[in-house]
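J.: Next come the chains, spelled out residue by residue.
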Amino acid sequence: MTVLDSETRIDPEEIRETAQRFLANKVERRAAWEGKDAGCAALEAEMAELGWYLLIVPEAQGGLGQSFEALAPIYEEMGRALAPSWLAGTMAAIDVLATGGHAEALSDLVGQGWRIATIVLPAGQTPDHAQVRIVGGADRATHLLLIAADGSAARLIPADAVGVSLVPVETWDRGRAYAALSVEGEQGSLAVDGSLALAVAQAHGDLALAWDSIGAASQCLSETIDYMLGRQQFGRPIASFQALKHRAADHKVALELARALARHASSAFARRSEGWAVLAAQSRILAVEAFRAIGEDAVQMHGGVGFTWEYNCHLFLKRALVNEVMDGTPDQIRDRIAAQVAAQAMG
Amino acid sequence: MTVLDSETRIDPEEIRETAQRFLANKVERRAAWEGKDAGCAALEAEMAELGWYLLIVPEAQGGLGQSFEALAPIYEEMGRALAPSWLAGTMAAIDVLATGGHAEALSDLVGQGWRIATIVLPAGQTPDHAQVRIVGGADRATHLLLIAADGSAARLIPADAVGVSLVPVETWDRGRAYAALSVEGEQGSLAVDGSLALAVAQAHGDLALAWDSIGAASQCLSETIDYMLGRQQFGRPIASFQALKHRAADHKVALELARALARHASSAFARRSEGWAVLAAQSRILAVEAFRAIGEDAVQMHGGVGFTWEYNCHLFLKRALVNEVMDGTPDQIRDRIAAQVAAQAMG
Amino acid sequence: MSDQDQTHALRAELRQWLARNLPADWRDHQHGDNLPGFLAAQKAWFARLVEGGYATPHWPKDYAGGGRSLPEQIAIFEELARAGAPRMSLFFVSLYHAAMTLVECGTEAQRARHLPAILKGEIWCQGFSEPGAGSDLASLRTRAVRKGDRYIVSGQKIWSTLGQFADQCLLLVRTDSSGPKQGGITFLLMDMKSKGVEVRPIKQITGDEEFAEIFLDEVEIPVENLVGQENKGWKVAQVTLSSERGLTLVELTERLALSLWRLVAAAGGQERLDTQSARAVVDIAARIEALRAMLATLMSNRMSGQERVGDASILKLAYARLSRDFTALGLRLEGLAALRDTDYILGAGYETGNWMFDFLNSYQYNIAGGSNEIQRNIIAERVLGMPREALV
Amino acid sequence: MSDQDQTHALRAELRQWLARNLPADWRDHQHGDNLPGFLAAQKAWFARLVEGGYATPHWPKDYAGGGRSLPEQIAIFEELARAGAPRMSLFFVSLYHAAMTLVECGTEAQRARHLPAILKGEIWCQGFSEPGAGSDLASLRTRAVRKGDRYIVSGQKIWSTLGQFADQCLLLVRTDSSGPKQGGITFLLMDMKSKGVEVRPIKQITGDEEFAEIFLDEVEIPVENLVGQENKGWKVAQVTLSSERGLTLVELTERLALSLWRLVAAAGGQERLDTQSARAVVDIAARIEALRAMLATLMSNRMSGQERVGDASILKLAYARLSRDFTALGLRLEGLAALRDTDYILGAGYETGNWMFDFLNSYQYNIAGGSNEIQRNIIAERVLGMPREALV
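Residue numbers (numbering that gives the first Met the number 0), protein chains in the order written: chain A, 0 to 346; chain B, 0 to 346; chain C, 0 to 391; chain D, 0 to 391.
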């Protein structure tokens, strides 16, 4: 992907505004928590109509030819809305295919409305023989992009291929669907350059999760402050208690640091400029940990009602706990990039 | 060492009261910081007169036959007073000799007023060939008890023996004296059972440092609160600001947890009852880390004057930073006992 | 026999009794059990405890099992916890809060009516907290007006533990709003089947319903159900609140200590712990030991009348934070697998088998019974002598 | 040339200049140097910078090196930091606070007298803070009474950076106590050699003396040294305080980023980092990158007039905490060796060579210029909209 000149570049802030309005109307974030359908199918249909799936598809394949920077605000707003869709799976696959020059597959994807779960497999597994305990968004996937953890292989396979099994898994985060995946046997589908797929899918996934976490954390913090403004104790709003104010301020700093790094890393990734992979991983660490801390403290700051199903802070907390460990815990990510960071430091 | 019956047992609280009064009179804690002599020699002479060095010497060797529980309040009060003496070196050596049944050496020690630096050597070194960068109290030692880290050997050698060199080292903690040690060549002195010496010296040292830290941390917290009670900002004492109150409360909880564990571990060590070595190590971890956190925050809570040489909080902070890493960092101690703790947990 | 020998004998006796009476497979039966199953199991275990004389060590001598010293009571809680017996969730308020309030402040008639009933399984709940009051308990607004030989009560209560199953309720109401808020509070006993009482379970973030809201619409309560004097209920409530004397924390801490193995198991065993995780386990273990030691000191000070102001707050805060950090570490060590919403065991302390459940449930200890924030205020003000905040 | 090209050209030119003018061995010379040596080195480097035209990019066009845009100023600070040039500690107040206050609020005579003098090495300090005021700057009490054509000033100032070496002082005094505290403050220029001025260096916890107290006993200051109007000095002080426009943080952050290698070296090299330490390095590196990105956004918003309220506080707090955590990690990684009180390099940013010095010195950033606590208040109130505390 190359830098776009300003003529073809869609202003990310315009995208954000559209996304925010759209998601505010369409996402009923408590639906699944109340035993109703989360509305993922309808949402994704409308997202397709809005052209979101075309955003980073090259113009030659009928897309809009935008960079990752056009997606960042969408991921952030989806996080803010606690949207039920795993948009990043399809997007990361598009990114991999576009980077690898798989024009035909991209055209199919666009033309036939494929929805893809992109999965970096646990170490030691191959796209032909894999067992993954929890995969996000796999319930609605038409295809799976399976990537070996060492970058030795990657394959795009139909979700309904023989030997592929996807079994729904109930998690504590009811707002999104998850499944367990098992693949057995040689699949006849598209082989993709494994090391390219690994690098692009990982960075894309890291950044998507970072922005999802930033959006959600920011919404969670803001709703918690609203609650504290209204809640009176000992004759004053609890938002005026300094100990709570200082905790909120520290959360805000952590959130803004995560946002600044995610912005920088997104721009580096969009341009594939130096250090993009490490920056994406680091953004994700800062973002998911800020989100977890905010989600955790939001429940505490709500006091008794924070402990109820009825209030919304637990939705954020549970989402935060999932975001933190999906496709790798922060410590696993740290271990993945530690040597690179240390080497960079030593020059 | 066995449990003492109540007739011969000196009440630790009486010992504490004596120690507190004595140290309050004798220790000029800023002396060395103002370029004066810290008064360690005079202090130790008076400590000898008070009979402190006899406390845990068995009665058969002319001592008072007390258990470690008689020492704990002394270590704590010395910490509180920021006393310049490394009493624990001599005491740990007495403990080792008494446990190992070295009656003759103990009699010499008592009769001739030996002062001992007890040192667990860095891994791979032996009592005959050792290089230690920073040793506490070695400037005034008449003898050195050198113990191999794997417990394979231990030796009590005169500090003025051929091949022993002690060179003063200036550290950031001016309140206590430190030296670098080097030993070269076979020493003709007392060999002690290495594994016994290692276990007893380590636990004794861990607990001494834990109590030193608890005493100092408690004094530091109390002086900091006094400062905050007197310091006015925006028309009220800063001690009334809730964010500072909550931080102080958290420090108090950490300190009291450390104290509770140190008390339990001291009793276990005095009785050599199950798990004493791990408990002593864990006490030290909780205590030095509570002290470090309190010392760190004390400077911050003092604001601008906390950053000056003139106020006392930096004395505590620097002492805390030394206590934290002397003879092993908390992480090294954790690594030392981790397998034992995990095995215990798994039953 | 010395006190210590007596406690030793009691422990030995209780262990033998447990070996005979505690169903070894109760966890298997309760794993993923539904609510009726849970209730039945609680009732069966309670009946057995009463029969064995281990449910009422704190009751007066004339009751079976009664008249035990505090060290003996602690010993019983510890042994039950260490044996991994089910927690007495359903009957705790009955045995402690209700019974001890009646013993210390009730009338002879109230005691005669309720104490035997409790032993037969009468379930009590507490109606103290209100939605608007939160940490400021005394600002309660549920109103009672006396009409002849009845009080007419209207208002709303919240956070009544298992209130949806209760037969009776310890109720605090306001009978006078003219003076300071602690005055004008009255303590009543309310039959939960009274007309005008509506109970709604509160669904918690774990998905369970361990608490309830109680709505009161002109509920009539006979004047003979008054405990203590009208407008003097705040004092009675203090008796209720201190009735368990710290035994809950003794039990919870023992249960936490006994679950330490689960931390290591969460990572897949000792060999699979990385350096940092192994260090974290060391710290958690140290804090557990420290908490046990602190608790032992508190209980011993309490017995000798030497408890210091604020000690209970330090302990509560230390336990609350440990419960959170302990379960958070378990969650972290188990990684992705902990996200699955699997079955768990109700009433099992920290051995439910699901780390996320335990983690979420730990908020309870950090919020209820005086939140961490309230404890920090108490420690800062009463222990460290820092000034109260200026109130407008 | 576009703005970006111009900045690129400037960077290239400056790098060449540095290659010719920055003594490669200045660190060796300054390592463990005494105060006179440090002062001499500062003066020599300052003279060279002035000569090169890199000391005054923010001054008006008619001065050598002046008239540079903010991006160019940032570029100069970044390049100097990246080249590891000495910090301009001794002349920073002169070049920024003093000069820009005079440019924006001074009289023609004041400018004519002081701006050329500054370029020749006139050293300024700031006399704003007072011992009693702390974070509440406006509550200052140093008193000035006008007598004929002089002010007679008595009082005490504190935290004047390198005040013991200053020739001149930017002084805030109280000329009216009748109204609100921000009113009644007057801004004066004071010759440090005036009768009645006594300066005492403050020894810091590092053992260094980087700040001073200034005692004023009936010091006479000519009325022509008034800046702005009498009783309107608070507004002038705001100009002074904002004169460096965030360039200090740009510089400090770059210097911190460039010292990342020291973290790894503190452990004895990459191979010796244990898992946990390697992870900690990853986090510190991430926070450094985040801070740089945040700073770039702030500066760019500042240029386009879009700075949001509180952004500077978020940045200050983030930097302060990072500086502490960064140096604390360095200390931890170096272990016992870090305790030795060895020589260090003054004026070297984070490359002093002694982690304990750097750690202790980091308190400066956490306390001075609005402590972390003050920044948290600002963020909570102005960014998050939480209410001010009730004041009595």
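Because the hints were derived from the structure by calculation, they are not lab data.
For every residue, glycine included, the Cβ atom is placed at its ideal position computed from N, Cα and C.
Treat the hints with caution; some may be incorrect.
[What the hints assert, rightly or not] Pairs of lysine to aspartate or glutamate, EDC-like flavour, derived with a Cα cap of 20 angstroms:
#: 1; chain 1: D; residue 1: 202; chain 2: B; residue 2: 16
#: 2; chain 1: A; residue 1: 35; chain 2: A; residue 2: 48
#: 3; chain 1: C; residue 1: 202; chain 2: C; residue 2: 342
#: 4; chain 1: D; residue 1: 202; chain 2: B; residue 2: 169
#: 5; chain 1: D; residue 1: 231; chain 2: D; residue 2: 148
#: 6; chain 1: C; residue 1: 202; chain 2: A; residue 2: 107
#: 7; chain 1: D; residue 1: 202; chain 2: B; residue 2: 149
#: 8; chain 1: C; residue 1: 192; chain 2: C; residue 2: 148
#: 9; chain 1: C; residue 1: 231; chain 2: C; residue 2: 148
#: 10; chain 1: C; residue 1: 202; chain 2: A; residue 2: 169
#: 11; chain 1: A; residue 1: 35; chain 2: C; residue 2: 148
#: 12; chain 1: A; residue 1: 35; chain 2: C; residue 2: 207
#: 13; chain 1: C; residue 1: 202; chain 2: A; residue 2: 58
#: 14; chain 1: D; residue 1: 60; chain 2: D; residue 2: 148
[To be verified] Covered, in the sense of this in silico footprint (three residues per stretch, anywhere, with C-beta under 8 angstroms from a C-beta of chain D), are these stretches of chain B:
#: 15; segment: 266-276
#: 16; segment: 295-303
#: 17; segment: 321-327
J.: Take the hints in turn and mark each one as holding or not.
T.: Each hint, compared with the structure:
1. This hinted pair does not check out: residue 202 of chain D and residue 16 of chain B have alpha carbons roughly 36 angstroms apart, beyond 20 angstroms.
2. Restraint check for residue 35 of chain A and residue 48 of chain A: not satisfied, since their Cα atoms lie roughly 24 angstroms apart, outside the 20 angstroms limit.
3. Between residue 202 of chain C and residue 342 of chain C, the direct Cα distance comes to roughly 17 angstroms. Compliance with the 20 angstroms bound is thereby established for this hinted pair.
4. Under the criterion of a C-alpha separation no larger than 20 angstroms, the hint pairing residue 202 of chain D with residue 169 of chain B is consistent with the structure, at around 19 angstroms.
5. Taking the CA atoms of residue 231 of chain D and residue 148 of chain D, the gap is near 18 angstroms; set against the 20 angstroms cutoff, the hint holds.
6. Between residue 202 of chain C and residue 107 of chain A the alpha-carbon distance is near 47 angstroms, which puts this suggested pair outside the 20 angstroms criterion.
7. Our distance criterion of 20 angstroms between C-alpha atoms is broken by residue 202 of chain D and residue 149 of chain B, whose separation comes to about 45 angstroms.
8. For the hint linking residue 192 of chain C to residue 148 of chain C, the alpha-carbon distance of about 19 angstroms falls within 20 angstroms, and the restraint holds.
9. With a C-alpha separation of about 18 angstroms, the suggested pairing of residue 231 of chain C with residue 148 of chain C holds against the 20 angstroms cut-off.
10. The suggested pairing of residue 202 of chain C with residue 169 of chain A holds, with an alpha-carbon distance near 19 angstroms, which does not exceed 20 angstroms.
11. In summary, the hint linking residue 35 of chain A to residue 148 of chain C is not supported, as the alpha carbons are separated by about 50 angstroms, beyond the 20 angstroms threshold.
12. For a cut-off of 20 angstroms, the pair hint linking residue 35 of chain A to residue 207 of chain C stands: about 19 angstroms separates their Cα positions.
13. The straight-line distance between the Cα atoms of residue 202 of chain C and residue 58 of chain A is roughly 51 angstroms, outside the 20 angstroms bound, and the hint therefore fails.
14. The straight-line distance between the Cα atoms of residue 60 of chain D and residue 148 of chain D is roughly 34 angstroms, outside the 20 angstroms bound, and the hint therefore fails.
15. Evaluation of the coverage hint for the segment 266-276 of chain B: breached, as 0 residues show C-beta separations to chain D shorter than 8 angstroms, against a requirement of three.
16. Only residues whose beta carbon comes within less than 8 angstroms of a beta carbon in chain D count, and the segment 295-303 of chain B has 4; three or more means the coverage holds.
17. Counting residues of the segment 321-327 of chain B whose CB lies closer than 8 angstroms to any CB of chain D gives 3, so the stated coverage by that chain holds, three being the minimum.
Comparing the model with each numbered hint stated earlier shows that hints 1, 2, 6, 7, 11, 13, 14 and 15 do not hold.
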